[in-house]
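I would like the entire structure built from these sequences, with the hints used as guidance.
Those protein sequences? They're chains A and B, same order as listed. If you count the first sequence from 1, position 28 lands on 28 in the working numbering, and the numbers rise without skipping. If you count the second sequence from 1, position 66 lands on 66 in the working numbering, and the numbers rise without skipping.
Misleading hints may appear alongside valid ones.
What the hints assert, rightly or not - Some chain A residues near chain B, calculated using beta-carbon distances under 10 Å: (1) Arg65; (2) Ser69; (3) Phe70; (4) Ala72; (5) His87; (6) Asp94; (7) Leu96; (8) Ile97; (9) Phe100; (10) His105; (11) Thr107; (12) Leu108.
For the record, the hints were derived by calculation from the structure and aren't laboratory data. All C-beta atoms, glycine included, are put in the ideal place defined by N, C-alpha and C.
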Amino acid sequence: MIFLPPHEDTVNFVGRDVTSYADIFPSGEPYRVLYNLHMLMEFNKRVKDINMPQEAVTSADATRRQLMSFIAEALKSSEILPPGLAHLQIQLADSLISVFMAFLHSTLSSNLNFDITR
Amino acid sequence: MQTGVEKPIKATSVGLDGPSQLIEVMQIARQSEEPLSVSLASRALQALLTVGSGDIEFWKSLVTEESFSTAFRDMILVDGRAPLRHAVEKLVISFLDREVNNGMFPAISDVNEALDGESTLRIVKHFLTITYELLPMTFDQSKNCLEFFRLCQALLQKALTQSPQAFDFQELALKLSHLLLEAESTEVRRNPLSLFCITREYSLKTLQEIGFSECLDAPILGIATLFLTCLQTCPTLVTSLPK
Numbered sequence: 001m002i003f004l005p006p007h008e009d010t011v012n013f014v015g016r017d018v019t020s021y022a023d024i025f026p027s028g029e030p031y032r033v034l035y036n037l038h039m040l041m042e043f044n045k046r047v048k049d050i051n052m053p054q055e056a057v058t059s060a061d062a063t064r065r066q067l068m069s070f071i072a073e074a075l076k077s078s079e080i081l082p083p084g085l086a087h088l089q090i091q092l093a094d095s096l097i098s099v100f101m102a103f104l105h106s107t108l109s110s111n112l113n114f115d116i117t118r
Numbered sequence: 001m002q003t004g005v006e007k008p009i010k011a012t013s014v015g016l017d018g019p020s021q022l023i024e025v026m027q028i029a030r031q032s033e034e035p036l037s038v039s040l041a042s043r044a045l046q047a048l049l050t051v052g053s054g055d056i057e058f059w060k061s062l063v064t065e066e067s068f069s070t071a072f073r074d075m076i077l078v079d080g081r082a083p084l085r086h087a088v089e090k091l092v093i094s095f096l097d098r099e100v101n102n103g104m105f106p107a108i109s110d111v112n113e114a115l116d117g118e119s120t121l122r123i124v125k126h127f128l129t130i131t132y133e134l135l136p137m138t139f140d141q142s143k144n145c146l147e148f149f150r151l152c153q154a155l156l157q158k159a160l161t162q163s164p165q166a167f168d169f170q171e172l173a174l175k176l177s178h179l180l181l182e183a184e185s186t187e188v189r190r191n192p193l194s195l196f197c198i199t200r201e202y203s204l205k206t207l208q209e210i211g212f213s214e215c216l217d218a219p220i221l222g223i224a225t226l227f228l229t230c231l232q233t234c235p236t237l238v239t240s241l242p243k
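Here is the structure:
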């Protein structure tokens, strides 16, 4: 499913401020979670435009932090990552950490120090 | 103008109340035989180091957590999967060496806050225990050992510099010198220099002049460097060491 082009509405949905934890990580639906994580990665790529106005950068940063909190919560969830991980859970965990790292790098990059004296 | 130095972010601002969640993922991945677990384990370690290099509280929790150092050691030294060992090596090098990571992240050894006394003692005790286990390592594993020791050294150096009151220097130096003696008994035939002579010199500059790093296997170099760090911090200790 992740090879299909992402639907615009889906990408916008996962990146919206009002998106809740349950929207991204619906209980008992691991494949939907995997797809949503793929959409989060798409969302992150789209908001990395360096020419975005400052307001949009700040908003994207806040959304990323919110989504990272959801991922951190998911890492604690025994439903998402039950003990004795099988193939699917390893795949889920790998996607979770990948998206978390992508968001972390984007957040660090959007926080670059600027030297105005040079 | 952009300097390329990233401002750190707090772990709590991204939903992490400590390193335990990520350590657990790293451990689970390391114990799994699924092919994807290799990338999962190294990514979890990368996430821990990335967050830790910018958040001192997170970093303190990380380096004082024995399950982290044990899992880290197993990943770099014990794990039978070469891709995992190599991925971890690359990560450690990039995080320890500002030149290699192009200044994009603060090097771990640059984190400037002090660890409390109890934490530093726990770290040193734990790493010394691990060091004993590393002595029988074979030569082809020494490259991995070197990276492990570089991390140990960065930790110890930071701890010694920032919380010297937390250490019983004599006890620490004695432990390290015993390690060196034990290492010497197994390694001296391979090495042109006597380690015991080296410890008598206790001058890093002198050691560099005589080509110290070229003469010794990496594990021994690591132990000797730790020992020197200890002696340089408290040079009067040399009088109390075994002759």
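Checked hints:
1. Hint status for Arg65(A): holds, given a least beta-carbon distance of 6 Å to chain B, under 10 Å.
2. Given the 10 Å rule on beta carbons, the hint for Ser69(A) holds: about 3 Å separates it from the nearest Cβ of chain B.
3. Satisfaction of the interface hint for Phe70(A) is found here, the shortest Cβ-Cβ separation to chain B being roughly 7 Å, below the 10 Å cut-off.
4. Interface restraint check: Ala72(A) against chain B, minimum CB-CB distance 3 Å, threshold 10 Å, status holds.
5. A distance limit of 10 Å between C-beta atoms decides the matter here; for His87(A) the minimum to chain B is near 6 Å, and the interface restraint holds.
6. Because the smallest distance between the Cβ of Asp94(A) and any Cβ of chain B comes to about 4 Å, under 10 Å, the interface hint for this residue holds.
7. Interface hint at Leu96(A): satisfied, since its Cβ lies 8 Å from the closest Cβ of chain B, which is below the 10 Å cut-off.
8. The closest approach between the C-beta of Ile97(A) and any C-beta of chain B is roughly 4 Å, which is under the 10 Å cut-off, so the hint is satisfied.
9. Among the interface hints, the one on Phe100(A) holds; its C-beta lies about 6 Å from the nearest C-beta in chain B, closer than the 10 Å criterion.
10. Because the beta carbon of His105(A) sits about 8 Å from the nearest beta carbon in chain B, less than 10 Å, this interface hint is met.
11. Evaluation of the Thr107(A) hint against chain B yields a held restraint, the C-beta minimum of about 6 Å falling below 10 Å.
12. Hint on Leu108(A) holds. Least Cβ distance to chain B is approximately 4 Å, under the 10 Å limit.
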